[in-house]
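Peer 1: Full structure from sequences and hints, please.
Residue numbers (the working numbering), protein chains in the order written: chain U, 1 to 545; chain A, 1 to 490; chain E, 1 to 424.
Errors might be hidden in some of the hints.
[As the list claims (entries may be wrong)] Here are the simulated distance ranges between beta carbons: (1) A383(E) x E60(U): 28 to 34 Å; (2) L146(E) x D372(U): 44 to 50 Å; (3) E311(A) x Y42(U): 54 to 60 Å; (4) D189(E) x K464(U): 58 to 64 Å; (5) G251(E) x K464(U): 38 to 44 Å.
[What the hints assert, rightly or not] In silico SDA-like cross-links for lysine to any residue, where the CA-CA straight-line distance does not exceed 25 Å: (6) K465(U) x D5(E); (7) K465(U) x E110(U); (8) K257(A) x P236(U); (9) K44(A) x P21(A); (10) K330(A) x N344(U).
Don't read these hints as lab results, they were simulated from the structure. For every residue, glycine included, the Cβ atom is placed at its ideal position computed from N, Cα and C.
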Amino acid sequence: MTLPREAYQVLEDIVGPRNITEEPATLAAYAFNFGNELYPPYANRFLIRPTAVLLPGSTEEVQAIVRACNRYRIKYKPFTTGWGGIAGVRGENSIQLDLRRMDRILEIDEKNMFAVVEPYAMGGTLQAEAMKVGLNCNMPGAGAAVSPLANGTSQWGHGPPTIYFGHNSEVLLGIEWVMPNGDILKTGSLGSGVGWFCGEGPGPSLRALIRGDIGAQGNLGVFTKAALKLSPWPGPAQLKVDGKPPAYHLSLPENFRIYTLTFPNWQAFADAAYKIYDAEIGYICHRQWHKLGKDLAPAFFLMYSDPTKTLDDLEEMLKDPEIQRFTKEMGMPLPIVLAGQTPNDIEYQEKVLDQILVETGGHKVAKMSEPDIEKLTLLYFIRWGHKNLNFVYAGGYVGSWHQYGTPDFIVKYAQVAEKTLSKYQATGLLVQAGGDAMMGPIARMGGGGTFSLEQFTAYDPANKKSVEAVVKYILESAELARDHGFPSGFDEMTALRMKGAEGSQAYLESLPDNQRFQWQWKIRQMLDPNDAGETGTYWMVKPKE
Amino acid sequence: MIDKKGDLAKIVGGQYVLNDPETLEAYSKDESFVRPRKPLFVVKPQNVDEVQGIVRWANQTGTPLVPVSSGPPHFYGDTIPTAAGAIVVDLSRMKRIIKIDPRNRMTMIEPGVTYSELQPELAKHGLRLTTPLLPRSNKSVVSSQLEREPTLIPKYQWTLLEPLRCLEVVWGDGSKLWTGEAGERPPSLEEKWRLDLAQLDPLGPGQVDYYRLVSAAQGSMGIVTWATLRCEILPRLHKLFFIPAQKLDDLIECAYKLTRVRLGDEMFLVDGSNLAYIVGEGIDEIGALKESFPPWIIIMGIAGRSYLPKERVEFQEKDAATIVQQFGLKLMPAIPGARGEQVLEAIISPSKERHWKLSYKGGCQSIFFLTTLNRVAEFIRTMYSVAEKMSYPTTEIGLYVQPLQQGVSCHCEFNLPYNPDNERDVSKMRDLFTQTSEELLRQGAFFSRPYGIWADMEYNRAAQTTMMLRKVKGIFDPNNVLNPGKLCFG
Amino acid sequence: MALEDYRGNMQRCTRCSYCKWVLWDHLKSWRFAKGCPSIGYNNFQSYSAGGRLAVALSLLDGMISYTDGVLDIVYQCQMCGACDVACKICRYDMEPLATLHELRARLVEDGQLLPMHMFIIDNLKKEDTMIAGKVKADRGKWAEGLNVKDLTREKAEVAFHAGCRLSYDDGLSKIAKAAVTLFKNVGVDIGIMGKEESCCGGRAYEIGYKGEFSKYATNNIEAWTNAGVRTVVTSCSDGYWAFKRLYPEVGCKIEILHTVELIERLIKEGRLKFTKTIPKIVTYHDPCHLGRQGEPYIPWKGVEKRIYGQMLVHEPKKPRFNGAYGIYDPPRTILDSIPGLELVEMERIRENAWCCGAGGGVIDTYPDLCSWTVTERIEEARATGAEAIVTACPWCERNFIDAIEKSDIKMEVYDIMEVVQQAI
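Peer 2: What follows is the structure in structure tokens.
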């Protein structure tokens with residue numbers, strides 16, 4: 001499908017000829033994303049091509065584009081760093097708004113600890129600038145290469161430092177929002193013209209409309225600026241990094257500690273999580289390594305920490321009895337970074353952590369505290385710049401059994417999740433990394449209380465049978481979760497997308513209690529009366545009259 | 001002819017539909033200057049089914065409803081009917097503490113539960129709830145949290161809605177929704193609890209944060225019939241310190257530093273007058289305390305909880321002392337007229353009878369808004385300037401500044417005592433309140449909880465917000481039965 | 001290899017965007033966060049390595065056809081390799097840069113040619129040089145007056161390869177002269193091909209003309225072998241890369257050194273000492289082809305196999321080229337050894353270095369991209385407070401000098417050889 005010429009000209013006049021394209025090769029590049037092969041038509045990593053791609057450079061341009069789309073009945077889909085299939089357009093006659101040019105960090109208010117950013121200001125750049133003034137940002141779980149603004153408004157929100165920093169929706173303050181009808185809404189104190197510092201009010205908070213547990217996902221207009229609360233960073237203004245790729249090192253500042261804890265079993269793990277919440281320790285805490293599978297992750301990490309080694313060495317390494325012992329020891333890991341705001345603070349946190357370990361039967365894995373490994377893990381956890389490791393084994397990863405809840409609940413479902421993945425791994429069509437490939441932050445919300453875990457499923461996207469196995473596994477897992485009475489978690493959404501547009505709609509309509517999807521229909525009708533924006537991942541059911 | 005009383009009696013029972021003159025009079029007004037108006041009835045439902053029944057009935061009959069959960073004295077006018085023929089829905093009968101989950105530090109309570117009722121029960125399980133500053137003993141916890149009353153421990157405020165988590169809401173159209181993770185499978189609370197789920201995640205369900213829509217809504221979007229809250233661990237050791245200062249600027253900088261490094265627990269700033277109102281009783285005692293207290297004071301609590309409580313208090317006390325010294329200040333366990341233990345006891349308890357704001361002169365107006373700490377001094381100057389113009393003694397003004405959301409913003413409150421029985425005082429106070437509010441608004445104060453006259457002031461400068469809120473109200477309360485006339489709703 | 005052999009790469013790209021940015025671990029500021037000049041300038045996804053992989057896949061699968069847009073996407077790239085390093089932080093199976101090379105080769109095979117490239121290749125065929133408009137007869141002029149072995153008639157242990165840029169650029173040829181003079185004076189048995197020197201063929205390879213490259217590689221290897229050469233030294237990083245990374249694939253086993261490596265060796269052996277003071281603050285620019293693309297290279301032949309179900313590994317073990325062992329330290333050791341010289345580093349250095357803008361054919365075909373890229377680098381150099389940029393590649397130097405001349409920026413540009421010459 002091509003844009004009507006008149007519409008194209010209007011759009012070109014808005015962004016300038018350099019910032020709009022209908023070049024088929026570029027459109028194909030925007031249709032490409034990881035995971036697309038899991039959704040109908042299950043073909044490859046290409047889904048639907050946009051009819052054009054635009055690169056707006058300002059809120060004014062975004063607004064003009066959205067208004068033009070309303071006028072010419074063209075759909076649009078914004079994204080920032082666009083990592084993941086949510087990003088692309090879902091239907092024909094849709095243009096892609098790539099917000100790459102809107103990448104500024106407009107302000108860092110050091111005193112009041114917030115940053116005002118445009119959508120393409122990434123976690124890595126925000127962190128680097130914030131550190132210069134003794135602050136830090138909640139790095140999204142997807143890492144330094146993605147946008148905290150998008151993470152907070154539109155997709156996920158929890159990450160490794162959430163326990164100390166808060167969820168990225170919690171850190172949202174004022175937001176500038178080009179709504180689907182082209183009006184601009186500024187939320188909170190920003191809407192009253194008094195600054196960015198408050199995300200709520202006046203009265204009820206309109207930012208209620210954009211977030212929920214998963215976010216707007218590019219379906220509710222465009223968020224063009226936001227203020228994000230920052231947190232204190234008691235480390236150096238600039239990270240002094242050395243080493244060779246990929247094993248870069250950061251030496252521990254005096255008031256930092258990093259440990260990989262390990263526990264005898266799931267229950268002890270859960271108990272430790274509770275104690276960490278209650279003790280109010282931890283700056284970053286994330287069950288990271290096991291995303292690469294209980295059976296392979298420890299060896300993988302040792303391989304990774306040696307620049308002379310590659311994945312080709314892994315099989316041989318796993319024959320080493322010492323590495324086998326280490327693998328066993330790392331069976332129930334929980335890495336944690338402690339950061340003391342003062343020397344007394346770090347001393348206290350260490351004592352508390354030691355006490356928790358005694359109480360739960362856990363211990364610190366000695367190997368992970370060897371100097372080079374400690375330096376690698378510290379940098380890894382602070383900058384969170386190695387997230388593409390999700391795909392290291394074969395280029396394919398999908399999250400499954402992605403739940404959140406109390407640690408006691410996590411323990412319940414984790415064991416079901418482990419069995420299910422093991423069964424599918426045994427077919428040989430997935431990577432046999434071990435049934436426990438669960439990764440996630442100890443805190444889904446600030447201060448903890450709820451944990452989030454995601455079962456990593458590694459497969460080969462270039463192998464059709466591997467792809468089919470994953471689709472089957474996800475659909476079965478969603479069913480199994482339902483049979484166990486578990487919450488839908490985030491897998492329901494993945495499963496819905498796998499069913500395709502019609503299948504997912506039929507499923508939503510069949511649910512006995514689908515009232516919240518009806519509310520979402522009403523909200524969307526109110527926000528987007530011309531239905532200009534895409535709705536592919538904004539789940540709705542039209543209320544029956 | 002609709003028999004409203006009869007209809008309501010069928011829903012809640014005859015003895016819980018009240019329209020005697022004393023009752024109607026009591027609900028018709030409060031401590032604010034909002035114009036009094038009598039409701040038609042006061043109904044007192046027992047459970048969510050009755051609440052839903054009332055709301056559905058209200059939709060059918062076009063009857064405005066005004067939800068109320070706390071007992072008097074009310075201060076902000078939000079519980080006074082704006083529309084004629086309104087029914088007050090008094091939720092104070094709904095007093096169940098449905099669940100206390102110590103492991104997950106969660107409590108689920110109905111709207112009639114007060115701080116006085118809740119805290120002792122939580123204490124039995126080693127928990128407590130972070131409170132605002134001296135809530136009255138009959139203050140509904142749910143109502144306080146819903147209205148975003150600032151709580152005393154900034155480091156726990158991940159958002160301004162903390163520690164509120166999930167809700168059961170009856171919307172204005174009579175439908176019911178469980179918000180947050182409570183709205184997810186499995187469908188019943190018992191099934192959720194069997195899975196060890198604890199209704200702590202407030203987001204959603206789905207792609208809307210419903211709990212934010214009823215937050216600071218003055219009951220105009222939905223009626224909350226239970227709420228879950230995240231509790232703190234009851235301190236095993238708890239000390240309170242004073243950081244007095246002659247110059248406000250030093251104290252502000254000190255407050256910034258302390259909140260930034262998340263030292264301590266309770267942390268707020270008062271002037272000597274406000275501390276006197278908190279600590280003293282009666283005009284004489286309060287008068288004497290005002291004389292002896294320093295002009296500006298940070299009140300800082302340090303608590304030791306489950307882990308190494310003694311060590312925690314010790315190191316935090318040391319670190320706090322070092323930090324305050326950088327600003328030429330001192331961390332002190334007592335000041336002339338007040339000891340730490342005494343003030344601690346006061347601030348972690350509900351207010352004594354005769355609400356602390358009313359103890360001095362019988363009446364008090366509070367002007368409060370949100371801003372950032374670095375702007376507090378200029379707002380104080382404005383307050384003083386208007387007060388002086390209107391011959392209101394600045395020594396009477398009680399300042400309370402509560403750092404919020406881990407230091408990003410702060411609640412700035414001016415308490416203005418006056419004699420409500422003196423017509424001239426009342427008239428002057430009304431003018432002072434109005435003029436000061438207007439000037440503060442112009443200067444950049446953010447009335448995020450827009451009660452009374454603040455509503456028009458705030459919404460007049462936020463046109464897009466106003467339009468959107470009305471549209472949202474149109475979805476959740478299409479017949480405008482819930483507290484019409486409040487906020488920006490007609 | 002053919003483009004189809006990289007289909008797996010294309011299918012397994014995850015669009016993580018790492019290829020667009022400096023390595024996250026090293027990122028120091030918003031200002032200098034970018035790693036890829038192509039998408040930095042053009043912004044559309046297709047101008048990143050990941051985007052080009054998607055374009056390549058869609059071409060292979062017949063989803064799109066060749067257009068001018070495709071050529072623009074493929075050739076607006078300096079082939080600097082920053083994307084390759086960034087991708088390989090996490091991926092052991094991906095070879096983005098190699099895929100981009102194959103994509104260009106496929107375009108050339110299919111007759112999708114940029115007119116300027118055709119002109120350059122014609123010149124190459126006729127005059128054995130990539131510098132448009134230059135003739136073979138003039139190639140040896142830079143060496144006039146140099147009393148050094150002629151490798152077309154004599155044998156020597158070491159061949160100095162000047163390269164096209166140093167042979168024909170009047171402003172820069174002094175560098176070649178200085179290098180040869182220095183090495184001769186310290187007793188290195190060194191010679192040059194002079195007029196008979198041919199292009200290394202590296203640029204031809206980079207713009208997709210693999211056939212032309214092979215011819216030049218074969219000829220050069222034969223010429224060196226005939227002259228008994230055991231080591232080739234060059235001051236041109238482009239040539240260095242071609243000899244070190246490309247020539248082994250066609251059987252070359254000769255040791256390849258950059259001038260900086262030989263100088264460092266001489267310093268360590270005590271054969272070279274710096275006696276003069278140079279009171280200057282300088283910053284060092286890592287040329288792409290000396291730095292991240294200058295690693296020791298071993299050709300590999302093997303197969304992909306699966307273990308643990310679907311995990312992809314290689315048999316035998318495949319060597320990894322991710323910039324870890326590029327030539328970063330020798331130039332820094334040299335600069336640190338010069339009395340009075342203060343080296344201040346830019347933010348993007350070593351395997352993270354921002355390209356000067358000249359490579360991959362861009363200097364000839366996309367002047368706007370070239371200009372934008374080099375200006376970015378100059379800004380980064382200025383931000384250090386340095387008075388001068390020192391580098392080790394004449395293509396980088398020419399680009400810096402020309403850009404600075406056109407601007408109102410005051411900054412000196414030196415080849416490291418010039419600095420060395422001043423200090424001895």
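Peer 1: Provide an ascending list of the numbers of those earlier hints which the structure does not satisfy.
Peer 2: Per hint list: single violation, 7.
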